[in-house]
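Chemist: Read off the chains here:
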Amino acid sequence: KAGVTQTPRYLIKTRGQQVTLSCSPISGHRSVSWYQQTPGQGLQFLFEYFSETQRNKGNFPGRFSGRQFSNSRSEMNVSTLELGDSALYLCASSLLALSGRGVGDTQYFGPGTRLTVL
Amino acid sequence: DQQVKQNSPSLSVQEGRISILNCDYTNSMFDYFLWYKKYPAEGPTFLISISSIKDKNEDGRFTVFLNKSAKHLSLHIVPSQPGDSAVYFCAASEWASGTYKYIFGTGTRLKVLA
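Respectively, the protein sequence lines represent chains A and B. Going by our numbering, the letters in the first sequence line up with residues 1 to 118, in that order. Going by our numbering, the letters in the second sequence line up with residues 1001 to 1114, in that order.
Hints should not be assumed to be uniformly reliable.
Said to hold, decoys possible - Calculated cross-link-like contacts (lysine-lysine; reagent style BS3-like; alpha-carbon spacing at most 25 Å): (1) A:57 - B:1005; (2) A:57 - B:1101; (3) B:1068 - B:1111.
Hints are computed from structural coordinates only; laboratory data are not their basis.
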C-alpha cells in the first residue's frame, strides 16, 4: 500500500505571496490532518478533515486554510505569507476507526513540504 | 499550555545500551499514546502505541510503558543501535468534539554512539 504523499517537497516563496500544498492519504484513510513543524516547537496542529469536513482546528490565523476532496485528498493554503511561516508542513492520514481504540487511530505521516519564505 | 512535554531535548547513549525517552502529560482524558521517530527531511514514522487500558506494550527492541497515575510514559530501546539516532516524538490522543485530537511533544533528539 502506498504511503502518504505530499507535493511539492520543497517550496520557496516571498513575503506576501500565497501557497498551496497537496496531500494524498493512504488509500482507504478518510481522516487527514495537517501540522506545522518548526525548530523547538514540535508539531503544531493546524486542522483535520474527515469526509470533506473540517472537524478540528488548531490555533493558527485565518491565513491558514484547507480543504478535502471527495477522494480524501487534501490541500492547505497559506495566504499573505510571512517570514515566520517558514517551516516543514506535514500531512498525516488515519483510518479513524470509530469503535474502540487501536490501529485505526494511528496517524501516518507524509514526508512533508519544506516551505521557505524569503 | 503544553499538554504533552518531553523535558529532555537530547540524549546520548552508547551502542548496545538502553535508551530511555520520557514524556509527561497533563490531560487525564488522553487515552491513546504513540511514539514516532523522525529523521531529517523526512516525515515522522510511527513506532509503537499504547492504549490507556494497558501499562506496557512491546514491539521488538521497543517497549512503551504507561504510568497513568503519574501521567508519564516512556519508550525503552534495547539494545540501542546507531540507526536509532533520530528525533523521537511522543503524542497523546483523546476523543473530543466528534473526532480524535492528537497533541505532540517537542521531541527528544537521540544520538547513539558507536
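Chemist: For each hint, tell me whether it holds in the structure or not.
Modeler: Hints and how they fare:
Restraint check: the Cα-Cα separation between residue 57 of chain A and residue 1005 of chain B comes to about 21 Å, which is no more than 25 Å; the hinted pair holds. At roughly 10 Å between alpha-carbon atoms, residue 57 of chain A and residue 1101 of chain B fall within 25 Å of each other, so this suggested pair holds. Proximity of residue 1068 of chain B to residue 1111 of chain B is assessed by CA-CA distance (about 28 Å); at most 25 Å being required, the pair is judged violated.
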